[in-house]
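Taken in sequence, the protein lines are chains A and B.
Position 294 of the first sequence, counted from 1, bears residue number 1439 in our numbering, the numbering being contiguous throughout.
Position 175 of the second sequence, counted from 1, bears residue number 1320 in our numbering, the numbering being contiguous throughout.
There could be a bad hint or two in this list.
When chains are identical, the list treats them as one kind, so a pair holds in a single copy or across two.
[Unchecked claim] Straight-line C-alpha distance at most 20 Å; calculated EDC-like pairs for lysine to aspartate or glutamate:
1) K1385 to E1301
2) K1156 to E1334
3) K1534 to E1524
4) K1534 to E1476
Simulated from the structure, these hints should not be mistaken for lab results.
Protein chains: 2
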Amino acid sequence: MNLKHILDGYKVLDFTHALAGPTTTRLMAEMGADIVKVELPPVGDMSRLLPIKLNGRTSYFVQQNRGKKSICVNLKTPEGRAIIHDLIKQVDVVVENFSPGVAERLGIGWETVKTLNPRAVMCSISALGQQGPLSELPGFDYIAQAYSGITGMIGEPDGAPSLPMIGLGDVNTGVHAACAIGFALLHRERTGEGQYLDISLLDSYFHCHEINVAMYSLTGKSPTRAGHHHFAVCPLGLYKAGDGYVCIIALDHQWPSLCEAMGRPDLVTDERYKTNALRCTRVPEVVAIVQAWVDSLGDTETVLAALEKHRVPCAPVLTIEQVCNHPHMLERGTVRKINDPKLGEFSTPGMPLRFSGFPNNIPLEAAYTGQHNDAVLSEMLGYDAARIKALREAGILHENEDT
Amino acid sequence: MNLKHILDGYKVLDFTHALAGPTTTRLMAEMGADIVKVELPPVGDMSRLLPIKLNGRTSYFVQQNRGKKSICVNLKTPEGRAIIHDLIKQVDVVVENFSPGVAERLGIGWETVKTLNPRAVMCSISALGQQGPLSELPGFDYIAQAYSGITGMIGEPDGAPSLPMIGLGDVNTGVHAACAIGFALLHRERTGEGQYLDISLLDSYFHCHEINVAMYSLTGKSPTRAGHHHFAVCPLGLYKAGDGYVCIIALDHQWPSLCEAMGRPDLVTDERYKTNALRCTRVPEVVAIVQAWVDSLGDTETVLAALEKHRVPCAPVLTIEQVCNHPHMLERGTVRKINDPKLGEFSTPGMPLRFSGFPNNIPLEAAYTGQHNDAVLSEMLGYDAARIKALREAGILHENEDT
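Based on the sequences and whatever the hints tell you, model everything.
Right, here's the structure in full:
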């Protein structure tokens, strides 16, 4: 079989907006799936309003929606709903991230989808899940983050928690959803059966507690945030060099190497610091020793060179500017340039899923709102030009080239 | 077909340890795959040394390794390697998260795997990727986090960055890897072809920059950490109530609702605060207004009730204790109790991938080191008891019931 990419031939009907849902279908677009994004008039995906805007076009939307066709359909009309129902019959996957209950009200709930297409895999993505006492609250990434116990584990212990200025929850929840879809499609290959997937930011965030939940459960001790030095591994933290911060980690087997790197072989045999457990009872002392050594060297590069020579895990805390221009990121394609007809060339994160059988970066373009109304309705549904024109004139189809 | 779970019948040979790799195979175990975890003597998976320890058993290992068989084999002997090569011929998936280059030295690199089993999907998980100038550095979650520009985006702007006390990078990279494996297996169903997957913490972390990279690329401005109030949305931040912090978010369409909730309808029409763009130029003023209102109410519950009444997105910053006992988390199974023969009952995060066709929480047990040596060698490879005994006596197979 001569496939363009791994999902060549798979069709997805995509009702997502903003970030978590579009991440899921973006990954599938980068794997070659045929994505029909359904936008609701008049604005379409609300992320079309977000920065960075140039020539009426926003990088936020473009980054998440390259390689997706856009149709813009008024779902509140019977004709609009009929279009969508006809499309549901033809696709392999339906994805939505409305608030729980909205999909049903729009006539695209799972009961409807599975009646129309029993082979469909449908994935709903929400902040707090489809069921439970909190499910109907309005939700965003940081709301789920706070409820999941993540926010409380970030920041200096004597101050407010800190909010990561990154879409950690949305993007990773989008990956959780894509993962579930992949396995559900695999299952469908074996059985012919579709199914429904309920993926939430809350579950996906909470999933990341590798030790906190068990610690509380088994010891009764509720761990909390610890600033920039870890509470369970020492040394594991951030040290201030002259020109920035350096992350330094030494597990038990690396502690002697760190002592050597610091020119302090005496510490290797010092009974006070011999094990991680002991060092964790003397964190301020250990931190002071390492910080004094960092101070004596001065800049980040010198500190890193000394540590790398002894194979001590370390890293500079890079700024966005530094990471975007770092040779490793460029060579690897962790950061990549994409081209957009209105925004021109700009950088985005690369495709994080790397398959040896397929290229990692296929050329894709983002659509303006409703750009593929005609193409999708004629090619997938066999509507003729007159019928499409009538739908447009009746306000059921909508386009906005200035997006 | 009567399947126990979605991956019933799929076989995985699992060379992973610690957190990112075991997350991948844990998800597959929870989906019913048959996982044979290969541990290296004498210690096995290094996470067996981590807390919380009870009766010689650690919750850290148990949480990540339920439902996996364990064999403990000396890979540095020809006989040990032969066992592994015979197993590679029988499995669908091979996963490893050694440092780049180690798999090759152990005789389980992709070139070997694909020669033995061209249908195998192999996934390597690393901190900084298989290629590139940084790939050979020793890596952990926080190392990749610092290099990816994530750490620098967390924390108060005038202080050190903050380290999240959660395995965000490891766990989410494990999900990225599982996602890639699912689609690679789907592809194999169509074509019979295996392939190699290169998944890294660096790429997975960097993937989460939803706006930072494009902002720097298009404007030349490198965004940086902003503490507990967002730099691009106002109000979006953490407010101190009498008994904890509350996250409050109001996008443009929610700003009037927040003003109503605060009993400040005058602010709705106040030209200074009318749009998010305007409010972002006056963050300290807006924060002071909202904080004064929070102060006037007192505790978290009162603040949340007032906001929820007006559908303003809000959440308490929960402690680990609070989240583990929250009715929503318990009802949903976001937190669940598991049973272990040595640790007894304790809580862990629930399975975040929810499939309508299968139960969300199947009973699984973690193995001691080498627990399934006999079962795997006899059932999968047809070794007889005498041969297994000889391998054990020669130190090629290893067991430790006290783990």
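Hints and how they fare:
| no. | hint | result |
| --- | --- | --- |
| 1 | K1385 to E1301 | both (16 Å within a copy, 15 Å between copies) |
| 2 | K1156 to E1334 | both (15 Å within a copy, 17 Å between copies) |
| 3 | K1534 to E1524 | within (15 Å within a copy, 66 Å between copies) |
| 4 | K1534 to E1476 | neither (48 Å within a copy, 50 Å between copies) |
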